[in-house]
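Undergrad: Read off the chains here:
Number of protein chains: 2
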Amino acid sequence: MLVGILIIGNEVLDGLTLDTNSNWLARRLIPLGAKIKTRITVRDELNAISWAIHQLMGGGCDVIFVSGGLGPTHDDMTLQGLAQALDVELELNPQALAIVERQYQWLHERGLVDTPEITDPRKKMAKLPEGTIPLDNRVGGAPGVLVERKNRLIIALPGVPAEFKAIYETEVEQLLLKKHSRSYSEVVIEREVKDESMIAPLIDQLMTQFPNLWVKSLPPAYGTSNKIRFWFSLSSDEEGSETLRKIINRAIETFDELLKSTNPGK
Amino acid sequence: MLVGILIIGNEVLDGLTLDTNSNWLARRLIPLGAKIKTRITVRDELNAISWAIHQLMGGGCDVIFVSGGLGPTHDDMTLQGLAQALDVELELNPQALAIVERQYQWLHERGLVDTPEITDPRKKMAKLPEGTIPLDNRVGGAPGVLVERKNRLIIALPGVPAEFKAIYETEVEQLLLKKHSRSYSEVVIEREVKDESMIAPLIDQLMTQFPNLWVKSLPPAYGTSNKIRFWFSLSSDEEGSETLRKIINRAIETFDELLKSTNPGK
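As they're listed, the protein sequences go chains D and B. Read in my numbering, the first sequence has 149 at position 148, and its numbers run on one by one without any break. Read in my numbering, the second sequence has 172 at position 171, and its numbers run on one by one without any break.
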């Protein structure tokens, strides 16, 4: 399962808002066997959104997540951008409208909005691209959207992190479990080593010895510490994650022996 | 000045590391009149890096920043990816080598590395794409890289935030000031409003009244607060930033009047 992520919002590109949805999502998807291929972040512009969806679809992503731009204001253009990318029209979706109505009714009953009336900006959130399916949102006004096209699944969720996470958990994760195909295991360790450049040949040696193993050194700021984190990860179509974990543990043992022989004083 | 940002690293895509360089950079570039157009994040893979550079060059970006992948280990592929994108070879750059040598000498004198010798992994950091210029790095081992091609400036910096920031500040910002063309001003305010959907037509009205003004509502998590942040921003080729600031202040006054008339109880 190759995954593409599209983040929409001027506030993210302009550095006002830190995109934490992508990292949260990756941490949830990788244990399901997903590989995150590309992430694209674009402005609130129709052509930019449509371009990015095309890039991710063309780039071989099986699942494309879109975050942001589903709200009621002028800058919320995801539904229109998705419609443009899919070459379909927007239409009022009765199920989506029912979700929007229920949510504003709920807010109204609690005195959080003045009226439960479905004004035009609220109705906008229920105008989905033809052929797409709304995803229920119980923690916000805007439904998510799901569509399958050319064997690719596109899932658009609101950018507010609480909504993004809740809809993923209640509406999306179960769907993806069906696509679950690969096992995955990873371990991050920290070791005292003076210098990343000294470790490079050692990592090369380890990766030759353990095929498919990915080892990445994550160095601290220069001169601030002599502890480097090492991230070991391994995925497989055949082996279970228990087996992968055992292989990683063996690799770490080998790594520590190699370290010791390079760095006998430690 | 249209800017593209390329972030390289499995650890970012896989959610182990939060990319904070992009936001920091945007906050520095926007006051210089830059518009951040697109950000692409890719894995440590040669073709992915080269593809992304092509996308950003083809997408009309005047300046392309690349973060990460300049270090000594196997997964550091930015120089090779950049060479592939520019269709040139890597060559040992004497100036870059001098930087690497000086840095390891410095570390060695302080007992932070065992040897100042330029081993192969260290030498790798000085093998730059033909026709590129090294950017001095006094807070890490890997030089940055600068190249101008087809009227586009490509600037590659190490991903470790302390190094990314230091090289930007000492080596890059001055260069960009020469390209400075547009003025920019922005203000973020917070207002008590019950509901974003109610505000949508009001923002539309404001943006009609103040041409070029961009107003974006940044809502909190649903039901957690009735305070919404509003981001007002404006850029111009003709007016100075003082004038832009005054226009924004007038727009905020108008906004508050509109709010009051919609929300008389507040």
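No lab work stands behind these hints, which were simulated from the structure alone. Keep in mind the model is a prediction, meaning the values are calculated, not measured. Check the hints yourself; a few may be wrong.
Note: identical chains are not told apart, hence a pair may lie in one copy or across any two.
Said to hold, decoys possible - Below, in silico cross-link-like pairs of lysine to aspartate or glutamate (EDC-like), each with a Cα-Cα straight-line distance of 20 Å or less:
#1 K151 - E90
#2 K124 - E90
#3 K179 - E46
#4 K261 - D63
#5 K247 - E187
#6 K180 - E170
#7 K228 - E92
#8 K195 - E110
#9 K180 - E110
#10 K179 - E102
#11 K195 - E118
#12 K228 - D115
#13 K261 - D115
#14 K180 - E118
#15 K195 - E102
#16 K128 - E118
#17 K195 - D121
#18 K124 - D205
#19 K261 - E172
#20 K128 - D205
#21 K151 - E243
#22 K36 - E258
#23 K124 - E187
#24 K36 - E46
#25 K195 - D115
Undergrad: Against the structure, test the hints numbered earlier, and report the numbers of the ones violated in rising order.
TA: Hints 3, 4, 7, 9, 10, 14, 19, 21, 22, 23 contradicted; others consistent.
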